[in-house]
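Chain by chain, the residues run as shown.
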Amino acid sequence: MTNVGIVLISHSAKVVEGIYDIITQMVPNVKVELAGGTDDGEIGTSVEKILQAIDRTHHEKGVLLFYDIGSALMNAELAVEMTEHENVAIAEAPLLEGAFVAAVESGMGKTLEEVKEAAESV
Amino acid sequence: MELQVADVIQWMEKSNDSIQANKDYLSSLDRAIGDGDHGINMARGFQEVVSKLTTSDYQTVSDVLKDVSMTLLSKVGGASGPLFGTAFLKMSTTVKGMEKVDANQLGEAFQEALNGIKLRGKANKGDKTLVDVWEPVVEFFKSSDSIDANALAEVAKQAMESTKELEARRGRAAYLKERSIGHLDPGSVSSYYIFTALSEVLQKGA
Ligand SMILES: Nc1ncnc2c1ncn2[C@@H]1O[C@H](COP(=O)(O)OP(=O)(O)O)[C@@H](O)[C@H]1O
Ligand SMILES: [Mg+2]
Chain A
1 MTNVGIVLIS
11 HSAKVVEGIY
21 DIITQMVPNV
31 KVELAGGTDD
41 GEIGTSVEKI
51 LQAIDRTHHE
61 KGVLLFYDIG
71 SALMNAELAV
81 EMTEHENVAI
91 AEAPLLEGAF
101 VAAVESGMGK
111 TLEEVKEAAE
121 SV
Chain B
1 MELQVADVIQ
11 WMEKSNDSIQ
21 ANKDYLSSLD
31 RAIGDGDHGI
41 NMARGFQEVV
51 SKLTTSDYQT
61 VSDVLKDVSM
71 TLLSKVGGAS
81 GPLFGTAFLK
91 MSTTVKGMEK
101 VDANQLGEAF
111 QEALNGIKLR
121 GKANKGDKTL
131 VDVWEPVVEF
141 FKSSDSIDAN
151 ALAEVAKQAM
161 ESTKELEARR
171 GRAAYLKERS
181 IGHLDPGSVS
191 SYYIFTALSE
201 VLQKGA
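So the sequence lines, in the order shown, correspond to chains A and B.
Residue numbering for the first sequence follows full-length UniProt numbering, beginning at 1 and increasing consecutively.
Residue numbering for the second sequence follows full-length UniProt numbering, beginning at 1 and increasing consecutively.
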């Protein structure tokens with residue numbers, strides 16, 4: 001796929017699974033990867049999970065990250081600093097609505113900047 | 001004072017001892033103004049830190065601090081993971097390659113750690129977060145060339161206690177607004193344990 005990839009970060013694995021279902025039902029041609037919960041499946045976020053999700057999603061058009069509360073943003077920022085990929089950005093947008101709009105835009109072949117802007121104006 | 005590899009490892013072991021002993025207390029503080037997992041998070045993270053440090057060989061203080069950081073980043077789970085993880089990572093890069101650190105260098109490392117915590121969490125002093133303990137400790141280190149271990153513990157204790165009357169403006173507790181007043185900040189209490197542990201290592205003549 002050559003569209004901007006999307007990573008969903010939440011304290012709960014179930015939250016991102018549900019959002020994944022909502023998005024992919026309408027937008028099948030965008031890569032959406034999940035980083036929900038901690039490494040042992042508890043409530044929380046994990047920088048390693050985020051890094052792995054970025055790796056799975058990544059290609060030349062870049063990746064946009066969406067997060068929920070508290071440590072999710074901190075770990076997202078850490079992941080952006082730690083990943084070897086360059087075109088990885090964080091969207092300041094509500095997790096569900098933002099990621100949904102981003103996926104639709106990405107599916108139309110928009111750039112990372114365009115997708116981010118659309119998500120952030122939700 | 002001079003901290004060597006073995007002293008830093010001992011510092012982390014002593015930190016872990018208090019965190020394990022106060023695991024339920026830390027979680028109960030977090031239950032009052034958060035989600036009740038701070039003790040569990042810190043106990044899991046520091047247990048892993050100690051396992052890692054006691055089964056590895058180190059030449060430099062910076063390598064020890066780097067492993068502390070990486071372990072906390074990946075094992076803690078809550079907001080305290082990226083915050084303490086960033087703190088120890090900044091300390092590690094500040095003393096990069098050093099086999100031992102003196103009081104000034106440690107003060108520098110704490111200053112960088114504090115800057116990192118503030119950037120990561122966007123908190124300032126008075127927001128009822130662990131910044132309220134780290135900032136006075138950094139100022140204490142800056143104020144003198146020789147560090148008095150008892151005074152360090154006292155500074156950390158007072159700073160920790162000062163969070164009780166504050167209204168939270170960062171972290172989960174901030175959602176509670178004035179309801180957060182009257183409770184200690186959990187991350188400040190665990191930071192206090194970490195600095196008390198350091199004070200004990202210094203007391204023994206490190
Ligand atoms: N934005 C922030 N800046 C600085 N410290 C913070 C911030 N958010 C949380 N903390 C610290 O983290 C502690 C809570 O840690 P923990 O319970 O492990 O994480 P979580 O809030 O994700 O459950 C708080 O008591 C506070 O000291
Ligand atoms: Mg908590």
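What the hints contain is simulated information worked out from the structure, not anything from laboratory work.
We treat Cβ as the ideally placed atom computed from N, Cα and C, and that holds for glycine.
Incorrect hints may appear among the rest.
Said to hold, decoys possible - For lysine-lysine, the following DSSO-like pairs were computed, each having C-alpha atoms within a straight-line distance of at most 30 Å:
| hint | chain 1 | residue 1 | chain 2 | residue 2 |
| --- | --- | --- | --- | --- |
| 1 | B | Lys142 | B | Lys100 |
| 2 | B | Lys177 | B | Lys14 |
| 3 | A | Lys110 | A | Lys14 |
| 4 | B | Lys14 | B | Lys164 |
| 5 | B | Lys14 | A | Lys14 |
| 6 | B | Lys142 | A | Lys14 |
| 7 | B | Lys23 | B | Lys204 |
| 8 | A | Lys14 | B | Lys204 |
| 9 | B | Lys204 | B | Lys177 |
Stated by the list, open to error - Label pairs and their computed distance ranges (CB to CB):
| hint | chain 1 | residue 1 | chain 2 | residue 2 | range |
| --- | --- | --- | --- | --- | --- |
| 10 | B | Thr54 | A | Asp40 | 33 to 43 Å |
| 11 | B | Gln158 | A | Gln25 | 30 to 40 Å |
| 12 | A | Lys14 | B | Ala151 | 42 to 52 Å |
| 13 | B | Asn124 | A | Glu86 | 28 to 38 Å |
For this session: Give me the numbers of the hints this structure contradicts, sorted from smallest to largest.
Result: 2, 5, 6, 8, 9, 10, 11
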